[in-house]
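Q: Taken in order, these protein sequences are the chains called V and P.
Using my numbering, read the first sequence as starting at 1 and increasing by one per residue.
Using my numbering, read the second sequence as starting at 1 and increasing by one per residue.
Bear in mind the hints are in silico, worked out from the structure with no lab data behind them.
Where is the CB? At the ideal position from N, CA and C, for every residue including glycine.
Among the hints, a few may not be true.
[Claimed, not checked] Cβ pair distances, simulated, as ranges:
| # | chain 1 | residue 1 | chain 2 | residue 2 | range |
| --- | --- | --- | --- | --- | --- |
| 1 | V | 8 | P | 207 | 55 to 61 Å |
| 2 | V | 8 | P | 80 | 50 to 56 Å |
| 3 | P | 145 | V | 136 | 43 to 49 Å |
| 4 | V | 168 | P | 318 | 44 to 50 Å |
| 5 | P | 313 | V | 165 | 41 to 47 Å |
| 6 | V | 155 | P | 310 | 51 to 57 Å |
| 7 | P | 80 | V | 142 | 55 to 61 Å |
| 8 | V | 223 | P | 152 | 39 to 45 Å |
| 9 | P | 207 | V | 185 | 31 to 37 Å |
| 10 | P | 196 | V | 169 | 23 to 29 Å |
[To be verified] Here are some chain P residues pointing at chain V (derived, C-beta under 7 Å):
| # | residue |
| --- | --- |
| 11 | 115 |
| 12 | 158 |
| 13 | 159 |
| 14 | 163 |
| 15 | 166 |
| 16 | 259 |
| 17 | 298 |
| 18 | 308 |
| 19 | 309 |
[Unchecked claim] Derived, one-sided and incomplete: chain V residues facing chain P with beta-carbon distance under 10 Å:
| # | residue |
| --- | --- |
| 20 | 39 |
| 21 | 82 |
| 22 | 86 |
| 23 | 90 |
| 24 | 110 |
| 25 | 285 |
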Amino acid sequence: MGKGSELFLQCLVNGFVVGSSYTLVALGLTMIFGVLRIPNFGHGNLLMLSAFMTLFSGRLFGFPYWGATLFSVVLITLIGVLSYFLLFRPVKGASPLNMLIIAIGLYFLLEAIAIFLTKGQTLWGSVPTPWHGTINVSGITIGIQELVILIFTPILIVAVYTFVFRTKTGSSIRAVAQDPMAAALLGIREDRVMVATFALASALAGVGGAMVGGVPGQAITPTMASMLTAKAFIIVILGGLGSMTGAVMGGYLIGLTESLSAGMLQGYLPLLGKGYADAYAFILLLILVIVKPEGLFGEK
Amino acid sequence: MGFKLLKLGVLVISLFLPFLLGNQYYLHVAVKMAIWCIAVLGLGILVGFTGQISVAHSTFLGIGAYSSALLALKLSFPFWACLILAGLISAMIGLLIGYPFLRLKGHYFAISTLAFCILMEQIFSNWKFLTYGPEGVTMGPGEVMGIPSPQLGHPAIGVFEFSTKISYYYLVLGFLLLAIYVMYGLLNSKSGRALVAMREDEDLARSVGIDPTKYKLFAFFLSSLFAGIAGSLYAHYVKFLSANSFNFLESFYILMAVIIGGKDSIVGMILGAILINLLPELLSFPSSAPMISAISIAILATTLILTIIFLPRGLIEFSKLFRGKGRDE
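Bound conformation, chain V alone (with noise of 0.2 Å):
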């Protein structure tokens, strides 16, 4: 196999495993938008704050990495519920404007707990796995645990699939998606449905957290997701706000342009370096609202 076409296998696998977190974080992020009609500025920092879960309860209760995912996907889920009945459901019906804000809000609630936990300090490498190690597959080469989160991810989504469109409970988030007055007029209870989209969302950025947190030479601080919420932001508005298709697909897009263009393109074009390689999302962002404001899957 030629060196360029190594080159850009390892960079198409690179930009899977981080767009798999993309997908994650922009796929809950549209279900809330869904139900609740506002972007969750606050939700990436859920990941953020379930890899310093995964991280203290290994390190406090000698919990095995796979223990400490589950209680660490159980807290954050909790969390994720608790901020729709402490922050949204009292301002429910506020205009978009204060329901933006109190998104804000929760955002620097999240990182004042994370700073809180570690007392400032940032150097705390990343959650220890029992997959530690690479292979190689004809001069590329994965980590074991970026292969955990490669395989492990669409597994997920399709399982969030399933729930949303195989139960009667998703078909409930569905319908007060589409249409909350109808809804509730056909005694869909609006609670409900929204503690089940919070903790779903919650529950794949608490699984995406456990597992980005795994990789090696990932640095775990309380500004790690800031990025990645204005990406899945980016990635939700791509896909047309509330298109669970459009996130996935917009999700797994990022990774890969983002990828590509820093491995393959560096050195072409002055403006494609690396160092510019998280500018490229709302490059395509500030083109998409001018040609099309609708997104790319979404509905007029």
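Start from chain V and add chain P according to the hints.
A: Here is chain P on its own, set in the frame of chain V:
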């Protein structure tokens, strides 16, 4: 009546503040706070008048700061020219961005400004032109150093340099008062009334001949102008710029000041700006640095949330309890 007296009292205190604060550090906090107030008022024009949330306000602060610093360092422009150009460059970019963005509704607008903010942060920290100083010295990514202090006068008759904290305080206070004056002027002008009418009911405003897009653009223009000028004042005060100072979290903080204080009231917004700047300072005695930031972030976030739940018009609503009914403006 009582409220007017309060405003007068705040004005008098702000005029004599450097003499009341014995400590140079407190004066430094006061200067930063005053610069911040100008930026917060700028965002207030947009949020208060149009009901649109921009999360790119710190970007315009950054555009003003970098423009001003580079004009001074690379082209040796005098401070006053830098200041005016910084304001105008920022305002022009505001117009350019505002034109496509302001057609978007609600959340799309907010998230597009978020995208713009992050894109510009990347540009600030990667643009090679910015990272080299006048002597070709390489600094960290997106860093600019050695920005000169503002000067007033002519070499023939003597030059006054705003190099001390106390002189800079009065310089910034002058601009802050000017900003407040402009805002009151705007409120009582035809454009201001058109903006208020538009916020209250866009369709009705349109029916009496107010062009919403035009007035929204005007509000965005003014908002970016304020931010650009605040950015220039910031650059020539701290003399060192780093791209990190203009990230979207900074925008969140500015937005927080507007909302906590009260987006419909000039006094409210200034109150919010003071609160956000003062809180970390007040907490700095009992605990270590990371704890201060954790506690102050937690307090600010809680205040923000409680404000939205109980006082949607901001803390300034408290003042109504003493004044009976009627709006501030």
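Q: Look at each hint and say if it fits the structure.
A: Results of checking the hints against the structure:
At roughly 58 Å, the beta carbons of residue 8 of chain V and residue 207 of chain P sit within the given window of 55 to 61 Å. Checked against the given bound of 50 to 56 Å, the beta carbons of residue 8 of chain V and residue 80 of chain P, roughly 54 Å apart, stay inside it. Between residue 145 of chain P and residue 136 of chain V the C-beta distance comes to about 46 Å, which sits within the given range of 43 to 49 Å. A beta carbon spacing of about 47 Å between residue 168 of chain V and residue 318 of chain P agrees with the range 44 to 50 Å that was offered as a hint.
In this structure the hint that residue 313 of chain P and residue 165 of chain V lie 41 to 47 Å apart at CB holds, the actual value being about 43 Å. The given range of 51 to 57 Å is broken by residue 155 of chain V and residue 310 of chain P, whose C-beta atoms sit roughly 44 Å from each other. Evaluation of the 55 to 61 Å hint for residue 80 of chain P and residue 142 of chain V yields a pass: the beta carbon distance comes to about 59 Å. Distance hint for residue 223 of chain V and residue 152 of chain P: a CB-CB separation of about 41 Å, consistent with the stated range 39 to 45 Å.
In this structure the hint that residue 207 of chain P and residue 185 of chain V lie 31 to 37 Å apart at CB holds, the actual value being about 33 Å. In this structure the supplied range 23 to 29 Å is violated for residue 196 of chain P paired with residue 169 of chain V, their Cβ-Cβ distance being about 45 Å. Hint on residue 115 of chain P holds. Least Cβ distance to chain V is approximately 4 Å, under the 7 Å limit. Taken as an interface hint, residue 158 of chain P does not check out: its beta carbon lies about 46 Å from the nearest beta carbon of chain V, beyond 7 Å.
Below 7 Å, beta-carbon pairs count as interface contacts, and residue 159 of chain P has none with chain V, the closest being about 40 Å; its hint is therefore violated. Residue-level restraint check for residue 163 of chain P is violated (minimum Cβ-Cβ distance to chain V is 34 Å; threshold 7 Å). Taking 7 Å as the C-beta contact cut-off toward chain V, the hint placing residue 166 of chain P at the interface is violated, the least distance being around 34 Å. A least Cβ separation of about 5 Å between residue 259 of chain P and chain V falls short of the 7 Å threshold, and the interface hint therefore holds.
Interface restraint check: residue 298 of chain P against chain V, minimum CB-CB distance 4 Å, threshold 7 Å, status holds. Look at residue 308 of chain P: its Cβ gets to within about 5 Å of chain V, closer than 7 Å, so that hint holds up. Hint status for residue 309 of chain P relative to chain V: holds, with the closest Cβ pair at about 5 Å, below 7 Å. Proximity of residue 39 of chain V to chain P holds as hinted, the smallest CB-CB distance being about 5 Å (cut-off 10 Å).
Annotation: interface hint on residue 82 of chain V violated; nearest CB of chain P at approximately 13 Å, more than 10 Å. Below 10 Å, beta-carbon pairs count as interface contacts, and residue 86 of chain V has one with chain P at about 8 Å; its hint therefore holds. With a cut of 10 Å, the hint placing residue 90 of chain V at the interface with chain P holds, because the nearest CB-to-CB distance is about 5 Å. For residue 110 of chain V, the suggested interface contact is upheld, since its CB lies about 9 Å from the closest CB of chain P, less than 10 Å.
Proximity of residue 285 of chain V to chain P holds as hinted, the smallest CB-CB distance being about 4 Å (cut-off 10 Å).
Violated hints, listed in ascending order, are 6, 10, 12, 13, 14, 15 and 21; each of the other numbered hints is respected by the structure.
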